[in-house]
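Visitor: Sequence:
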Amino acid sequence: MRKLVAMEHAGRNGERVIEILEAWLSRHPDDVDVRTMLAQAYTEQDRVPAALELLKALLQEQPGNAMVLNQLAWLLRDSDAERALTYAERANRLNPDEASIMDTLGTLLVRKGEWERGLELLDEARIAEPTTPATAFHYAEALSEAGRDAEARLILLGLVDRPFAEQSAARELLEQLDP
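Going by this note's numbering, the letters in the sequence shown line up with residues 54 to 232, in that order.
Rather than coming from a laboratory, the hints here were simulated on the basis of the structure. All the given hints hold, so there is nothing to weed out.
Here are the computed distance ranges between Cβ atoms for each label pair:
1. Pro183 x Arg224: 14 to 22 Å
2. Glu114 x Glu75: 15 to 23 Å
3. Glu173 x Glu97: 22 to 30 Å
4. Glu114 x Arg146: 15 to 23 Å
5. Pro116 x Ala203: 36 to 44 Å
6. Ala76 x Arg201: 41 to 49 Å
7. Glu167 x Asp84: 33 to 41 Å
8. Ala203 x Arg80: 52 to 60 Å
9. Thr139 x Asp99: 20 to 28 Å
10. Gly166 x Ser132: 13 to 21 Å
11. Ala181 x Pro216: 16 to 24 Å
What you are looking at is a predicted structure, and each value in this text was computed from that prediction instead of being measured. Every residue, glycine too, gets a C-beta built ideally from N, C-alpha and C.
Produce the entire structure from the sequences given, and follow the hints as far as they go.
Guide: Written out as structure tokens, the structure reads:
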């Protein structure tokens, strides 16, 4: 299942990924891993209400699932920042070395104005996942917000030609930072 989904992801076929996962779950509705993958696929296809519904159900069943907590925190970052931060802190306590969790928590802390801890977590996430452009982009965004434009610009220069969901936002930020 994971290999099939990875192949479809590589082909940037998000709707097909959702079809595959939903078909699997129609036959195996209790498969937590696949339900978590489906929530991520919904998120990537901007089907936020469906992702939230699925994640909330998963959290009821597995309140100690750090990845579910992290996904919920990321989805709620704009609509319910306090609850998002609570979820991210819980996820971080459960799995403090996971880059995606550090990325989410760091982003939320920076938004809250807790610059030092937020930037530290974002930098740790970037170092832990050097091949994940989104993580580096979040760090660059935070550096820019902190007034550290030269550092942000250097990171962005290495990102703008790499394909990732936030590539256009990275290019826009780089244009804003260019003299």
